[in-house]
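Trainee: Sequence:
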Amino acid sequence: MSTHVTPVDPAGLPTSPAFAQGMIAPPGPLLFVGGQNGTDASGALLKGLRAQTEQALRNVLAVLAAAGTGPEHVVKLTIHLAPGIDPADGFAASAAVWGSHRTAVTVLMVAPARPGALVEVDAIAAIPVGES
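Following the working numbering, the numbering of the sequence shown begins with 1338 at its first residue and continues without gaps.
FYI, nobody ran anything at the bench for these hints, they're computed from the structure. Watch out, some of these pointers could steer you wrong.
Stated by the list, open to error - Restraint-style ranges between C-beta atoms, simulated for each label pair: (1) H1341 <-> P1452: 38 to 44 angstroms; (2) A1388 <-> I1361: 32 to 38 angstroms; (3) V1447 <-> A1404: 24 to 30 angstroms; (4) D1377 <-> G1349: 40 to 46 angstroms; (5) H1341 <-> D1423: 30 to 36 angstroms; (6) S1437 <-> T1340: 16 to 22 angstroms; (7) P1354 <-> A1448: 28 to 34 angstroms; (8) G1453 <-> I1361: 34 to 40 angstroms; (9) L1367 <-> V1447: 20 to 26 angstroms; (10) G1349 <-> V1466: 30 to 36 angstroms.
We put the CB at the ideal spot given by N, CA and C, even for glycine.
Go ahead and model the full structure; you've got the sequences and the hints to work with.
Mentor: Next comes the structure, spelled out in structure tokens:
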């Protein structure tokens, strides 16, 4: 049985090099990463969309690593952008940190709970079991 997540891109739906229409997770434990803002280790919010997006994704990567998994096992990202933010700016900022790992993604425009936050990212990831 595979320990890798598998993208699902049905015929008739658009295909993206960055995002999948769906993801199949292998059996085993799942990690639910709570919403991460663009804050550094001291809790200070970085300035600007690019810096906040990159840091929020680095924070997601840190939680993944602490749980023994990585971006290649993420089956779902939800990116919450503050109203009025251009999603293209957020996508461009994420490419530098997230790389070429495809996953299912939902992007929403919502007012983040933390004042000054422009982005918040949460994730669901498979935790590989029995990989060598």
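Trainee: Against which earlier hints does the structure fall short, listed by number upward?
Mentor: none
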